[in-house]
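*Asks:* Chain G: place on chain W using the hints.
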Amino acid sequence: MRLLLAPAVLVVAVFAAALSALLRYSVLEFVPGSLQTGGLTVANFTGIMSRQYLGAVWDTLVLSAATTALTLVASYPVAYALARTHSARVRSALLVLVLAPFFTGAIVRTYAWVLVLGNTVVTWPVPMLFTPRGVLVGLVHFSMPTMILLLAAAISHIDPVYERAAASLGASPARVFRRVTLPLSLPGIVSGSVIVFAWTLSAFATPELLGGGRVKMIANVVRDLALDSFNWPGGAAFALMALVITLALLAGAGKLTAVADRGA
Amino acid sequence: MLARLAVVTLLALCLPFGPVAPAHAQNSLVVSVWGGNWKDTVDRVIGKAFTAKTGMPVEFEVGGTIDRLAKARVAKGSPLVDITFTTSHVGRLYVSDGLFAPLDMAKLPNAKAAAREALRSEYQMGAWSYVYTIVYRPDLVKEEITRWSDLWKPSLKGKIAMPDFDPSHIITIAALMEGGNEATWQKGQERLKALKPSIVAFFSTDAQSQDLMKTGQAPVQVMLSVNAYHLQEQGIAVKLVQPKDYPGVVGIDCMSVMAGTKKADAALAFIDLALSKEIQTELAKALKAGPVNGGATVPAAFQGQPGIFLTPSEWKERGYILNDEVRARNLPAWREWFTANIVK
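Here the protein sequences line up with chains W and G, keeping their order.
Going by the working numbering, the first residue of the first sequence is number 340, and it counts up by one from there.
Going by the working numbering, the first residue of the second sequence is number 2, and it counts up by one from there.
Excised from the complex, chain W in its bound form:
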């Protein structure tokens, strides 16, 4: 049994070592123009409390929430069709369409969006590329396949008998959906939302390419601080702050999932 735990212990040890290095760097003084660090300080944490850095945290939270909501709304009909269609051909076609983005890679997909959003393929009435709107589109597209698969799995577990029973008692299709299907698919909605929200919090490539330097999310700021400003202590402090925020949000989401599971 102990041997079985060895790989897990190894992974935890590696993470703990990385986190302790992050923590150590975050409390060392940054010396501009040098890779040497100074003595112990909390200046890195006070430094990242400026409007510029907190703004990036706020932008990340807003974009993550908006991405989660839009992904859910856009994915639910596809997931429903995937789970409920009687045609094997339609199901296969939908599955291929849903899974296709997984085979192209995030960078390729995002570069495609650079062309689409940049008025070279379509002329948009409002600027899309290098705006939060454009980043949102890219993030939703990136998240949809996973959300669709999670929702489809949840919906397929709902016995259609419940929906038929509601309909036989006179409920309209909209009412059946609102009172039966939607509540029973809540565990899938919550788990899909938590996953999409969590990974959007750490999004990097999409805001980097579609944001044109104007839309900065947490991961982009950490990179900027550490790799462009050579301020590794500042980058470590910001990464730690982001980690604490993410853990707090995920703890809240975990409780929400538990409530949803009990409700279902």
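Just so you know, not all the hints are guaranteed correct.
To be verified - Partial list, derived from the structure: chain W residues whose beta carbon lies under 8 Å from chain G:
#, residue
1, S373
2, T459
3, G551
4, R553
No lab work stands behind these hints: they were computed from the structure.
By construction, the Cβ of each residue, glycine as well, lies at the ideal position given by its N, Cα and C atoms.
*Replies:* Coordinates of chain G only, in the frame set by chain W:
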């Protein structure tokens, strides 16, 4: 099976920590350089000639500027590479951490023919030069651009892109326009704020910059001359500006010997070869960059072009060279101010 897996894991854990140079690298000279065209050119022009002359193979460790710096830090004391190519101001960071060895100038006879500006410090010898200047697409920008001050014209609103990872160049130019320099950069802050409506995008990589130019999203850019020549080679009709009011900002990529290398003599021989007239001529031709050896020749079409300096007076008059130490020290503050006031 599980027991065997556990034994293998434990054996792996028992291996000495720290970077270990691969066996084949022990007989070769290992050079750290950027990937793509940079590595290919250094290999083809310097590496092959070095091997032909000395019999010693040359291997390459490629990566981005900061990735390679991070690797060098981890391997401090027993470097994985013998020579590092990097930008002059990032080289200052290597120096601050004791990662470079002082250059033994007695073993670099070809350095005597090098421009004075190429010796960036006792640890860093320039390999080639370029400038950050204005580059634009005349098919998308009807008005001719001839000066830095033209960037502030209302007709260029929403057409300009510039790097956000290193705003040193535009910050310095704005300061120069207001009677300051990189040390008194605050003088140019208000002028730079006035440029904000003209900027449509910021780029973090050369590839992004080139894409913005190709797609026409940002047809005017403050760009590396080498990249602009590369775009011209690809058939994109871009024009490099030799600004009439203030010169372009010079970049010099440097070669350094890693502290602790066991092949210091071979590393110095490599650098000396790279500084020779013949190799400098080939490098200038291949990279479209300026040679640092005054005796090198460049194709006629490139003489007098941005980033190509052949005489001491050209080095002095046609390019502005930032103080590397000031740049390395101020860059974090520049980036923070630039992000808060221009990018956002």
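*Asks:* Grab the minimum C-beta distance from W:G551 to chain G and call the hint holds if it beats 8 Å, violated otherwise.
*Replies:* This interface hint holds because 4 Å falls under the 8 Å limit.
*Asks:* The hint names W:T459 as touching chain G; please verify it with the least Cβ-Cβ distance against 8 Å.
*Replies:* Holds, because the Cβ-Cβ distance from W:T459 to chain G comes to roughly 5 Å (cut-off 8 Å).
*Asks:* Given W:S373 was flagged as interface, is its beta-carbon under 8 Å from a beta-carbon of chain G?
*Replies:* holds (4 Å)
*Asks:* Interface hint check: W:R553, Cβ to nearest Cβ on chain G, cutoff 8 Å. Holds or violated?
*Replies:* The hint holds - W:R553 has a Cβ within 8 Å of chain G, the shortest such distance being about 6 Å.
When the structure is compared with the earlier hints, no violation turns up for any of them.
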